[in-house]
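Visitor: Sequence:
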Amino acid sequence: MEYNFQEIEQRWRKAWADEALYHTEIEKDKPKYYVLNMFPYPSGAGLHVGHPLGYIASDIYARYKRLKGFNVLNPMGYDAYGLPAEQYAIQTGQHPAVTTERNIARYREQLDRIGFSFDWSREVRTCDPDYYHWTQWAVRKMFLSYYDTKAQQARPIDELIAHLEANGTEGLTAAASAKDLHLTAQDWAAMTWAEREDFLMNYRIAYVGETMVNWCAELGTVLANDEVVDGVSVRGGYPVVQRKMKQWCLRVSAYAQRMLDGLETVDWSDSLKDTQRNWIGRSEGTEMQFSVEGSDEKITIFTTRADTIFGVTFVVLAPESELVEKFTTPDQQAAVAAYVEETKKRTERERIADRKVTGVFTGSRAINPFTGEAVPIWVSDYVLSGYGTGAIMAVPAHDSRDYAFARHFNLPIIPLIEGCDVSEESFDAKEGVVCNSPREDAAPYIDFSLNGKTVKEAIAATKAYVEAKGLGRIKVNFRLRDAIFSRQRYWGEPFPFYYKNGHPQAVPEAALPLELPEVSKFLPTSSGEPPLGNAERWAWDEENACVVDTNKIDNVRVFPLELSTMPGFAGSSAYYLRYMDPSNATALVGEEADHYWRNVDLYVGGSEHATGHLIYSRFWNKFLFDLGTSCEDEPFKKMINQGMIQGRSNFVYRIKDTNTFVSLGLKDQYEVTPIHVDVNIVANDVLDVEAFKAWRPEYSTAEFILEDGKYICGWAVEKMSKSMFNVVNPDDIVDKYGADTLRLYEMFLGPINQSKPWDSNGVDGCARFLRRFWNLFFEGEDLRVTDEKATKENLKSLHKLLKKVTTDIEEFAYNTSIPAFMIAVNELMQQKCRCREVLEPMVIALAPFAPYIAEELWHKLGHGESVHKAAWPAFDEQYLKEDSCTLSVSFNGKTRFTIDVAADASKEEVERLALAHESTQAHIEGKQIIKVIVVPGRIVNIVLK
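Residues 19 to 963 (the numbering used here) are what the sequence shown spells out, left to right.
Since the hints were made in silico from the structure, they are not lab data. Some clues are possibly wrong.
[What the hints assert, rightly or not] Below, in silico cross-link-like pairs of lysine to aspartate or glutamate (EDC-like), each with a Cα-Cα straight-line distance of 20 angstroms or less:
#: 1; residue 1: K818; residue 2: E845
#: 2; residue 1: K168; residue 2: D279
#: 3; residue 1: K197; residue 2: E315
#: 4; residue 1: K159; residue 2: D216
Whole structure, please, built from the sequences with the hints as guidance.
Guide: This is the structure:
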């Protein structure tokens, strides 16, 4: 019987959907396992073959765990809000909801064809009001909460208010925006309502604050760092500048230590954990104050190396610092203003990555609090306003960036160690130090008070001096910033807040969800307000607790609603919890579902989300844990980052100044220009010349110089991209070879966590394997599977495969499982094996990888229930034991021949057989045997004298 994958896959796809095979409910008599993929943004282009890589990997594991007896939750949904849909709406006038729905339908069709075991009854879409109801609910809760730094958890804002009423800020332990907030209970009582609201905004977990943002005027919105490259927007290439704006923010920084601690409890790769640790950036140090000549103002700096203060030769301010304007002298104002303006075009991420030295002198000088020496105050973009205090003391002899800055601007470099060479050649840029300092041994600091102390002792002594003299304080700093949480866009979750006399107030919980209104256009208003400013019905009636027409705003009973929307990460921060209980109308997740599924056992997604999504979702989960909504402090137990599938590009070679194209092997005879060509009109690097002529009008008259009657294309491995015409549509692979072949080939390409090139030329190998596997069961049109007893060789081939595949799946080493299947099939064909005892377990073992063919064969074998409900076959070591083994026989360490012995032969029996061998006598003739060394299973060495 022919292996007709089109008919098989179509039939089983429908049968699985009709049966709801992958529908999952709570089953308390089974252990649970929650598998999750980072859900996709549904773009209009649909999936290319790189997108399903992680989905296939997680699907194999989900199917495997189901076969192992686990109750597996494997959901899928869509990250449906985003700028691309909105920009398309602006360009075409088509509502984002329409294009998003169309794109989702396209994605669903493609995902279904590949045969994923998703429980689609749990699908979520971030643009669905029933879903973003709970995003709004969580943000509302954040607004009504503060972070207690002593209890290390979020608490209701009412508790903080009660503390202020009774004690003012005395004894208050709370994360706050502003420093040194002090008031008495009497001060609080004397405040107006508006003053209290302003004061509380310093503590709310969701708050409005002034912050530097990436502002894109042409798009009319704030952009995230990953939406900006080289000072322009990724979407459209428009200029982006740094601007201080009032924005909604989330107090992510309050959870910094908990997020660091949580990394010790999860099974993530060391590289991923290190990325998060670096992003959170915990550092213990000292805050100190430098006076400024001719000013009552002081500059507060943070340093982890207070002991190096004796090597300070200049101070640097971040361009965004409010101190820049205060300390810039009149003769330097133009230069400083120009520099600050230029810096606005660069994101902080770009400034961190760029090692180029730039800066400008303010004209003022700061006083070193230890030495009393005056040092110049500079402005440079390598200092960031959001880290520390936005000002640093520069010690160029002992810091790589300070050193580069000092060298560039010819500033003094003072070593802390006598006799230290500070030439460029002596500077260890990797360590960021000169002369091996800091170091643990005694460091002969130039300053007498630190002379002979170790670095740790010197730091401690300096810290003690700073506090004793009132020059500053000891402090723990984190690099992690609060998240900017508002976007001036239409297509996003609305905020559940209205403004009363300019102060945000939470919409009542019972009124949620606050649904996104219709607008007349998706651009900002003529006055520069976000697109929601165009809505005719977007005002809050406080008395009736409902949305009313905007023209009814009177700021007495009807108030304006927030015009910004939430960013993309809002909807993706807790979606894993909603999957647990997607139809719950009264809670984000019910207690029963939360306590059964608890958290994600396996999370698969790209490493590019290590510092964005993973940080925010961990923060969001910890907040929900504080509320008691989530029963686990960490959302994702195990994390796998899939690599990237790169494109295999093809090239044609056009002879200069002609429309003639020369084949690869002949191109060196001409002056040619390589041109990317659509890989879909190339097969095994052979160009379909007629398809090429039809591809673009300019090639319709093309002529070709062939080799052996063919046009051979060049090739290269590059990023899969539409601009390089190397995007491969999975539908084309499924149409030609079947979904099972696609699944196998993507896993066969290489380790799941590494990038690897796609090569359509190799797909056929996996297709041939599936045909050979099919032919194990059939002879002509007849099923030839028998109930005869399997031979030892049959069982050895089977159990060798089962052991390998079981181990590989547990270790996510799928790429080595597929060759193991191929080897087993070849062995069984040579053995002419038709035994049900062997072939049925092989079908089950293949089912996670190739679900369609496995299901078809399982039913052909007479089973009524799905193979995906079977039990995973265990391997038995007894079938892997060898009856005999071959040993090398050596004389004085030189191998001369081999012997075959029973696998369980004793050392005495092995020695007897070796000495009795006919070749032994020739080697020992005339010599004395000193001893015989037997290494079981490996070698016999006869020592002669």
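Visitor: Now tell me if each hint is right for this structure.
Guide: Status of each hint after checking the structure:
no. : hint        : result
1   : K818 / E845 : 11 angstroms, holds
2   : K168 / D279 : 16 angstroms, holds
3   : K197 / E315 : 16 angstroms, holds
4   : K159 / D216 : 18 angstroms, holds
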